[in-house]
Amino acid sequence: MAVSSQPATGQSFQCWLNAELSACGTGITFPFKLKYSIDPDDLPAVTYWCDVTDPEAGSRLKQSELLNWTKNLHALNVVAGIIIPGIRELTEPEQHNLRNIYRKLYRKA
Amino acid sequence: MIADLDSYLPEHARPFADLLKQFPEHYEKWVHAKTLPAELYQGDVVEKALLTAIDEEGEIVKLGLPAMVISCTCDVQPKQGEFALLAPVIDIDFYIENSEFRGEALDSHVRDLKANKIANLFFVPAGHKLKASVIDFQQLTAVSVEFLHKKGLETRLASLSQPGHYLFLVKLAHHLTRPDATDAKRSQ
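Residue numbers (numbering that gives the first Met the number 0), protein chains in the order written: chain A, 0 to 108; chain B, 0 to 187.
Derived from the structure by calculation, the hints contain no laboratory data.
Glycine included, every Cβ here is placed at the ideal spot set by N, Cα and C.
Just so you know, not all the hints are guaranteed correct.
[Stated by the list, open to error] Restricting the straight-line Cα-Cα distance to at most 30 Å, the calculated cross-link-like pairs of lysine-lysine (DSSO-like) are:
#1 A:LYS103 x B:LYS116
#2 B:LYS47 x B:LYS33
#3 B:LYS184 x A:LYS70
#4 B:LYS47 x A:LYS107
#5 A:LYS103 x B:LYS150
#6 B:LYS20 x B:LYS128
#7 B:LYS20 x B:LYS47
#8 B:LYS47 x B:LYS150
#9 B:LYS78 x A:LYS103
#10 B:LYS78 x B:LYS128
#11 B:LYS61 x B:LYS150
#12 A:LYS107 x B:LYS128
#13 A:LYS107 x B:LYS150
#14 B:LYS47 x B:LYS61
#15 A:LYS103 x B:LYS128
#16 A:LYS107 x B:LYS130
[To be verified] One-sided excerpt, in silico: chain A residues whose CB lies under 8 Å from chain B:
#17 LEU65
#18 LEU66
#19 ALA79
#20 ILE82
#21 ILE86
#22 GLU88
#23 LYS103
#24 TYR105
#25 LYS107
This is chain B alone, in the form it adopts within the complex (with noise of 0.2 Å):
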């Protein structure tokens, strides 16, 4: 089957088959952008983002965190679109440090994390001034563009390279858009 990977991948996509075929082996080398390009791209991570979600009262809760640009590169530049999705960024040594997982549980749970074997999270190696650290794709939240270029320009942690932002989409495509399970049963 890994034999078959270059005939689905997009034509820029192409030039980076071994990489892929080797993952996750040393996609830590090639994961981020080697410089941080001068606008802003789908899969950047600002240092700092106001992020909100409703709890399980219905109360509104904030996170001050890093965040990852989630919305397409075109509509988060400025006067192109409103708003921009960011997801939280969160520092894999917290994750594990508050993590009510032991032993080998932990072990396992944080291999697939590396792994990148569960769809809902992200896992990005370390790289430029970003940790080591988990993005969640389930909580997002919109932030104004015009506030995002005002803070987030001077704060980007982390770019990611071609390749990293092609092994980005795959996974998001796959949280995203894959089947209903076959029990989930709606109405005619």
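Just chain A, with the same shape it has in the complex (with noise of 0.2 Å):
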């Protein structure tokens, strides 16, 4: 089931997801899949909420920062896929290669 609104439910999308997933109750498979794609641009806002009696405060991030992190993170993992087309990680054969490899550099401590 692609959704990618519910305008005929007067709900907002969230809203919508919500009332779907509530409904669906433990142990119950969800009777569609979910896939969720955002622009770099629009990642939601993090809340942050910091205790202003703790006097470790002033050492903690900062929004914006955690913000400007996240964006970042967001697009060095967008960037892969775009440059670096099919980046996957080692097969196993792969590993079991590479472990064969190091067994020729290693020597016992």
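Dock chain to chain to rebuild the complex, using the hints, since each chain is given by itself in its own frame.
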């Protein structure tokens, strides 16, 4: 089931999704697959609460830094997919091969 | 999709967008810095480092190999951080000679390696005193920053250029921060 919005319900997509997921109940397989994509400029703002009486508060992450880091990380991963199409992890035979190469380089401590 | 690349690049990397769009074509021409910087940088390769690992029998094993600085540049300056993370740098010729793959399987593996399609490994072409090599992001060793400065600065083999460093970050971020596979179930 492909759903990008639910205009007919008068609800926001988030409200509709929340209602649908709540109706699923524990242990029941979801009746759909959710694919969520977002523009990096539209990343949700990070709500960050900080106890002002906390003496360590001054050294904690500031919201803007956290958001910039999140955007930066997201962009790096998107760029990986763009400039290296098909980027993948080592396969099992390749890991085995690498282990054998290391065996010729290792020496016991 | 490639046309959208510019919008994802940080400002300092935008001048290199055209180089990145052509990747891996000609990247041997821009991945290395033209000169070695005075300070130690993330992505620099030192000539020889003592690296360690625990093997499958639980034994400590040692490697004496060139190594790439993986820690952030600011963390490897004197008196900034205690330890620097280093990754082994394996000569591609040694890698190929000792590979158990043969024929088309070897060609295909090396092709993917050189195109940097394998996220765990970072291939760097030859540059400065460094031979074409494979850097393994999976096997990191913590080495004293103080020790690194005593030996490392004198014996650096290569340093990354600005676009080369961005490419390094792209691969490292992808390897270390990609989401768990969907079948990796955790308890609640």
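Hint check:
1. A:LYS103 x B:LYS116: 25 Å, holds
2. B:LYS47 x B:LYS33: The given pair, whose Cα atoms are some 21 Å apart, holds under the 30 Å limit.
3. B:LYS184 x A:LYS70: Holds: LYS184 of chain B and LYS70 of chain A sit about 27 Å apart, inside 30 Å.
4. B:LYS47 x A:LYS107: At roughly 18 Å apart (the allowed maximum being 30 Å), LYS107 of chain A and LYS47 of chain B satisfy the hint.
5. A:LYS103 x B:LYS150: Holds, because 25 Å separates the two Cα atoms, which is no more than 30 Å.
6. B:LYS20 x B:LYS128: 27 Å, holds
7. B:LYS20 x B:LYS47: Status violated; Cα separation ~34 Å.
8. B:LYS47 x B:LYS150: 9 Å, holds
9. B:LYS78 x A:LYS103: Given pair LYS78 of chain B, LYS103 of chain A is violated - Cα atoms ~36 Å apart, limit 30 Å.
10. B:LYS78 x B:LYS128: Holds. LYS78 of chain B to LYS128 of chain B sits at ~28 Å (cutoff 30 Å).
11. B:LYS61 x B:LYS150: 18 Å, holds
12. A:LYS107 x B:LYS128: 29 Å, holds
13. A:LYS107 x B:LYS150: Answer holds: LYS107 of chain A to LYS150 of chain B is near 23 Å, not above 30 Å.
14. B:LYS47 x B:LYS61: With a Cα-Cα distance of about 12 Å, the restraint between LYS47 of chain B and LYS61 of chain B holds, given a limit of 30 Å.
15. A:LYS103 x B:LYS128: 23 Å, holds
16. A:LYS107 x B:LYS130: 26 Å, holds
17. LEU65: 15 Å, violated
18. LEU66: Given a least distance of 14 Å, the restraint on LEU66 of chain A is violated.
19. ALA79: 4 Å, holds
20. ILE82: Since chain B brings a Cβ to about 5 Å from ILE82 of chain A, closer than 8 Å, the hint holds.
21. ILE86: 5 Å, holds
22. GLU88: 6 Å, holds
23. LYS103: 5 Å, holds
24. TYR105: Cβ of TYR105 of chain A sits 4 Å from chain B, so the hint holds.
25. LYS107: Holds. Min distance 6 Å.
Comparing the model with each earlier hint shows violations of hints 7, 9, 17, 18; every other hint is respected.
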